[in-house]
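Residue numbers (this note's numbering), protein chains in the order written: chain C, 1 to 115; chain D, 1 to 108.
Derived from the structure by calculation, the hints contain no laboratory data. As the structure is a computational prediction, the values presented were derived from the model and not from experiment. It cannot be assumed that every hint is accurate.
[Unchecked claim] Listed below are the simulated BS3-like cross-link pairs for lysine-lysine, each with C-alpha atoms no more than 27 Å apart in a straight line:
hint : chain 1 : residue 1 : chain 2 : residue 2
1    : C       : Lys7      : D       : Lys37
2    : C       : Lys65     : D       : Lys59
3    : D       : Lys100    : D       : Lys67
4    : D       : Lys50     : D       : Lys67
5    : C       : Lys7      : D       : Lys59
6    : D       : Lys100    : D       : Lys37
7    : D       : Lys95     : D       : Lys26
8    : D       : Lys37     : D       : Lys59
9    : D       : Lys37     : D       : Lys67
10   : D       : Lys67     : C       : Lys65
11   : D       : Lys26     : D       : Lys67
12   : D       : Lys100    : D       : Lys68
[What the hints assert, rightly or not] Take a look, some chain D residues computed to stay more than 12 Å from chain C by CB distance:
hint : residue
13   : Ser25
14   : Lys67
15   : Asp94
[Stated by the list, open to error] A partial selection of chain C residues facing chain D, derived with a Cβ cut-off under 8 Å:
hint : residue
16   : Cys13
17   : Met31
18   : Leu45
19   : Thr48
20   : Leu92
21   : Gln104
22   : Phe106
23   : Gly107
24   : Gly109
Ideal placement from N, C-alpha and C gives every residue a C-beta, glycine not left out.
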Amino acid sequence: SAVISQKPSRDICQRGTSLTIQCQVDSQVTMMFWYRQQPGQSLTLIATANQGSEATYESGFVIDKFPISRPNLTFSTLTVSNMSPEDSSIYLCSVVSQGAGYEQYFGPGTRLTVT
Amino acid sequence: QQPVQSPQAVILREGEDAVINCSSSKALYSVHWYRQKHGEAPVFLMILLKGGEQKGHDKISASFNEKKQQSSLYLTASQLSYSGTYFCGTEADDKIIFGKGTRLHILP
C-alpha cells in the first residue's frame, strides 16, 4: 500500500485567484492521478501525471486551468487557476501501488471553497 | 465511458445481505471496488481481473462476468461498519473510471 498526504486539507479562496495543492507519497510511484469529487458525487479524473512527461488531461480539463507538476516519483502538485465558484470541490490525488495487482490508493483530499 | 451502478441507494438492517451491481458498455479488463465513508477518501476493497474470478474479503465478495461486462459486490451479514458509498471502477488505458456510486446505510 501507499501512504499519501495532501496540503492543504482545506481552503477558502476568492474568485480569480489560484491555489496549488501538494501531494506527497511515502514511496516511489510511477503513476499519479488527480481527481475531483463534488459532495455526494462520483470521482472525476482530471489528469494522469507521470514523472518525466507532460500530464495527460481528460476531456473537459485543460492545462491552462489545471497545470500539474511531477518533479519526482514521490511528489506532485495540482494548481487550480483563475478560480470560480464552480471549482469548489474536493480534489484528491491518487497513486497506483507498485506491488502485485493494480491497486489504487487515495490521499485524504483537499476541500476547496471558492467565494 | 462511465460504468453504471445499481441500485443508487440501499438501506439495510444489520445482519442483512446486499448486492451492488456494476455494468459497462465497453469490454472490461478489470473491475475495481472501493468504499468511501462520509468525509473520508475512498478505500480500495478489491480488484477482479478478466477470467470470471470471484474474490472474497471478510464477508464482502465480488464476481466478474467479462462476457456480460458486469460485476457484482456481495455484502453478507452486513455490519454497521459497512455503511458508506461503494464505487466500482473500470480500467482502461491505465486509468480507472468510476461509477456514480451506491449509498449503503446499515441500521442497527
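Q | Contradicted hints - numbers only | A | 2, 5, 9, 10, 15, 16
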